[in-house]
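Starting from the two chains in their separate frames, assemble the complex, guided by the hints.
Residue numbers (the numbering used here), protein chains in the order written: chain A, 46 to 160; chain B, 226 to 345.
One thing to keep in mind: the hints can contain errors.
Which stretches of chain A does chain B cover? Using the computed rule of at least three CB atoms under 8 angstroms from a CB of chain B, they are [as the list claims (entries may be wrong)]: (1) 63 to 70; (2) 88 to 100.
Subject to a maximum C-alpha distance of 30 angstroms in a straight line, what follows is the list of computed BS3-like cross-link-like pairs (lysine-lysine) [claimed, not checked]: (3) B/Lys269 x B/Lys296; (4) A/Lys94 x B/Lys269; (5) B/Lys269 x A/Lys122; (6) A/Lys122 x A/Lys97; (7) A/Lys101 x B/Lys296.
Computed from the model, here is a short list of chain A residues facing chain B with C-beta under 7 angstroms [unchecked claim]: (8) Phe134; (9) Thr145; (10) Lys147.
It should be emphasised that the hints constitute simulated quantities derived from the structure, not laboratory data.
C-beta: ideal position from N, C-alpha, C; glycine also.
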Amino acid sequence: GNSVTQMEGPVTLSEEAFLTINCTYTATGYPSLFWYVQYPGEGLQLLLKATKADDKGSNKGFEATYRKETTSFHLEKGSVQVSDSAVYFCALKGRGSSNTGKLIFGQGTTLQVKP
Amino acid sequence: EAGVAQSPRYKIIEKRQSVAFWCNPISGHATLYWYQQILGQGPKLLIQFQNNGVVDDSQLPKDRFSAERLKGVDSTLKIQPAKLEDSAVYLCASSSGLLLSGQKHSYEQYFGPGTRLTVT
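This is chain B alone, in the form it adopts within the complex (with noise of 0.2 angstroms):
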């Protein structure tokens, strides 16, 4: 079973550039998972979706950062402009876990390698 493959894996930018990173999650899984994690930090959720619609974005500096997973399987994170204390490594993680009415089932979720993101 291929795992969740992220593009790019390394990306130097100036601050105030825009910036896409893209995130292909295992096949069949319903849930798509962004998190961000800064140098010497746990990762820390910045968007998770479910098929294509968003579940939870509370943490996600809408002015600057968006994503989408249009058709439900594929996903991209956009930053625009960039500053420097967004130099970190996004990653993406997918789980098959499904919110139903009223319950919810949370299955393992499985990470991509990363895109490290440098700002100058």
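Extracted from the complex, chain A is given alone in its bound form (with noise of 0.2 angstroms):
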């Protein structure tokens, strides 16, 4: 079945460092595929996302590239701040038929920033 891998946590950086989250995913035809970020205290939220091969989502200087070949959507930020401290899942959505719009998560990965 759909299974989606991330890297464990936590991750903990400094301000202005570059950040790489890994995620991949194993998925019978082409999914969706999604970065969803959860602040303390608060809901998940959408962060980014791609819907085919070699697009590239991206939003609040987050970046994920849709690499089929590798089955992979890794999550980079070129510079961290404090306020990115959060867990950070990756997730797809199947597609055909036999797909219901349900979302399978990775584990999460906690992102620490200190100043």
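Written out as structure tokens, the structure reads:
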């Protein structure tokens, strides 16, 4: 079945450091891919998405590219801020007649940015 | 536009007790989802409604969990009796996605703040 694997956390960085959070997936066909963010005490928010191979999703300085050949969707940001401290979830949504639109999530990666 | 509302935000119960969670989706959203998020894990779908019909409840432990969306708007998720392993955050999400005959339209899911359940 479909699944998502994220790198283990927590990830601790200093402010202005470069961020990469790895995400790989297993799916039949070509799913849509997402990154969600969960700030402390808040609900999940969509950060960015990509719906087909080679698409790049971007938002708030974060980027991720849909790589079909490596089945990956790694999240990157060139310069993190303390306010980026949160839990980040990679997720996929399958395609095809058997898929109902549900999201399948990775286990989440906690990011802590220190001043 | 108001977001997805959930209540209560926190609940502590003893095992074998019952509990109910309420969700009010974004106005006009046909599809409603309940996810369970156990600490340290990603959310897992429990049940999905389109209007007042169930689309997917394959991961719902039906011996103790039930959910309804009688008028196709608000939804209630119930656990009876609760077990220790039910301690989790229960997330409600909604989307405007519709299932049309043979063709699916899936749109962005908007999540509520969740209900944190602790079973002691």
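Hints versus structure:
1. By the rule of at least three residues with a Cβ nearer than 8 angstroms to a Cβ of chain B, the coverage given for the segment 63 to 70 of chain A is violated, with 0 such residues.
2. A stretch counts as covered by a chain when three or more of its residues have a beta carbon under 8 angstroms from one of that chain; for the segment 88 to 100 of chain A and chain B the count is 5, and the coverage holds.
3. Between B/Lys269 and B/Lys296, the direct Cα distance comes to roughly 25 angstroms. Compliance with the 30 angstroms bound is thereby established for this hinted pair.
4. Under the criterion of a C-alpha separation no larger than 30 angstroms, the hint pairing A/Lys94 with B/Lys269 is consistent with the structure, at around 19 angstroms.
5. This hinted pair checks out: B/Lys269 and A/Lys122 have alpha carbons roughly 27 angstroms apart, not beyond 30 angstroms.
6. A hinted pair counts as satisfied when its Cα atoms are at most 30 angstroms apart, and A/Lys122 with A/Lys97 qualifies at roughly 21 angstroms.
7. Our distance criterion of 30 angstroms between C-alpha atoms is broken by A/Lys101 and B/Lys296, whose separation comes to about 39 angstroms.
8. The interface hint given for A/Phe134 holds, since its Cβ lies 5 angstroms from the closest Cβ of chain B, which is under the 7 angstroms cut-off.
9. Annotation: interface hint on A/Thr145 holds; nearest CB of chain B at approximately 5 angstroms, less than 7 angstroms.
10. Satisfaction of the interface hint for A/Lys147 is found here, the shortest Cβ-Cβ separation to chain B being roughly 5 angstroms, below the 7 angstroms cut-off.
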